[in-house]
Amino acid sequence: MKTVRPPVLIVNVLLLVLAGTIVIASLQYDFRQRIVPLVIGIPTLFMLVVILLSEFSPRLNRILAMANLGSEQDAFSGDVTASWSRIFVIAGWLVALSVALFVLGFYVVVPLFLFAFFMVEAKTPAVIAVLASLVVSVVLYVAFPYFLGIEIWPGIMPKVMHGVFGGGLIPEL
Amino acid sequence: MLEAFLEGLSQLGQPVAIAAVVSGTIVGVLFGAIPGLGSVIAMAVLLPFTFGWDAYVAMFLFAGIFGTASTGGAIPAILLNTPGTIANVCTTLDGHPMARRGEAGRALGLAAAASGLGTLFSILVLAMLLPAAKVLILAFGAPEFFWLVILGLVAVTLASRDNLVKGLAAGGVGILMSLIGLSLVFGQVRFALDSEFLYDGLPVVPLVVGFFALSELMVYTSRGGSIATVGEGLAKPGVRQTVGGALEVFQYKRVLLRGSIIGTVLGAVPGVGGAVANFLAYTTAKQASKTPELFGTGYAGGIVASESANDAKDGGILLPTLTFGIPGNVEMVILMGAFVLHGITPGRQLLVYNLDIVWAIILGVIAAQILTTIIVISGGGFLARLSLIPVRYLAPVVAVVSFLGVYAIRSNPWDLLLAVVAGCIGYLMRRAGFPLITFVIGFVLGNTAERSFVQSLQVSEGSYTIFFSSPISIIIIIAILVFAGSPLIKYWFDKYTATRKAKLAS
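Here the protein sequences line up with chains A and B, keeping their order. Using the numbering used here, read the first sequence as starting at 230 and increasing by one per residue. Using the numbering used here, read the second sequence as starting at 728 and increasing by one per residue.
In case anyone wonders, no lab produced these hints; they're calculated from the structure. All C-beta atoms, glycine included, are put in the ideal place defined by N, C-alpha and C. Any given hint could turn out to be false.
As the list claims (entries may be wrong) - Facing chain A, a subset of chain B residues (Cβ under 10 Å, in silico):
id: 1; residue: VAL749
id: 2; residue: GLY899
id: 3; residue: PHE918
id: 4; residue: SER949
id: 5; residue: GLN1185
id: 6; residue: VAL1186
id: 7; residue: SER1190
id: 8; residue: ILE1193
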């Protein structure tokens, strides 16, 4: 009995939904505009369905394995088999960072994030964590607006300090 | 041609261009010297910051990064027995034993000189082929370009470590995703779900940063510890010994030339890359040697073969990217992203209308390589110690800089969320065995494929025979079939060999 691998299922379903949506939506356009989505989309959907079925059928999986050359490990072939709990923790940090940046802006979130990460994940003493987060934040805040001329996002909260905290206009989604 | 060369040279002479080359070189060597980071992450993180820069300056920065990372990767390979990039694996075989004998400086010198000379060789070949490529590319019409895109996708899929079907499926989804938004071919918005965000299509920078920087960050941070693990103490290379090693490379002229040729040729094949060149050059040098037993014991020829090949691939890999707009690896995908960001159309138009940019990149790679040789010879020991920094200190800083870069490009905070979603999907795709590179190459080349396809049909007034009518198209189609059929051919060959062996045994 073959063991079904959840990542393969999740990615497969996700890619199937993306490709399927484009293929179905392309039917509303005229011939010239839908030809490439259909020419590319239909074989892609077929391959994704075969990969999905191969997760449940060892025989189909063996046939697919014929296509596995494994000629060169790509640059990103590092250890991707870490425990899911660790992956969820790290992904959680990144998701929390992006949401916090969206809501509160870079000026407030960057020092807080760095401090929290250094304390919780790096287990750094509090004083060093404070100093490290302040140093990195100051470098970023000097480098970006002054040297690179990049306006930093202040977050979507009501305006508290102009250009620093709150008052950012959310672009239409 | 000469005018473009002189323009590129004069641009390189500008103070800001010199600063860009120096910065790119330092970043490239640093990221190359830290195993696992590599030039891809450096380029992905820095790509957004170049928005608004002069195109030449941005190209000099990227030339500095991608041209030097594999040289930087030789440092931990020699001193820590941990290759900085996958293309430095064979360098560990002789470099580390040499370092353990107390000749770390000699090994670093050999690696730096072989890398520098390998790059110069391949860049010279590229420069010589450019006039011919310019003539050849004019013979390519829309149908040929369509097939070329498909060939690039198939070649890269085969070269990635996962299976052909998953690679092609990921590439197909990448092409479909690239069709979202305003189509320049039809002047109409498609598949955008009436979203303002999707009007111009999915933004490439958050996708690249998410896929390559954030997903990689998840891998390394979840693993913990430092990037490199050192079993035996760090050897301290001396400058005199390093210079001696650099000069010693000329005693291995034949090995150097063979490695450079292998690297250049294999680099020009999309998807093959430095790792294959590295292994092939090393094994060829060993087979051709009168003293093959010395390989793997700290033999200078082994280092020269490995390092000359993995750096010579830089010139080769630029050939399909600059001439046909077909990126051969992830670095080239990001470089093409930089072209688009600076209003330069990759492929034929680049060679015809922006030849000065092509020369700027070539000259930038040469300047960066010379600088790298100096950096490695003078500061290799220090750079190797960077690999010992725990990832828990690096990760939050890389994450913050990545998000700043993503935001900087369009000042759109939704891009932050898109990048993190791309990072999570990228990680899942890697874990599920779907090669990210084929998805991104499909995404980058999708519009070119559609434009070529539609233009072909317009020229032929709707007849599909145009795709099979020219000799160039036929040659490319045969190449696609050979590439795509190679797994089956390999399977049948293995089966035949096994059956034959079994018969002989019985």
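Which numbered hints fail: 1, 6, 7, 8
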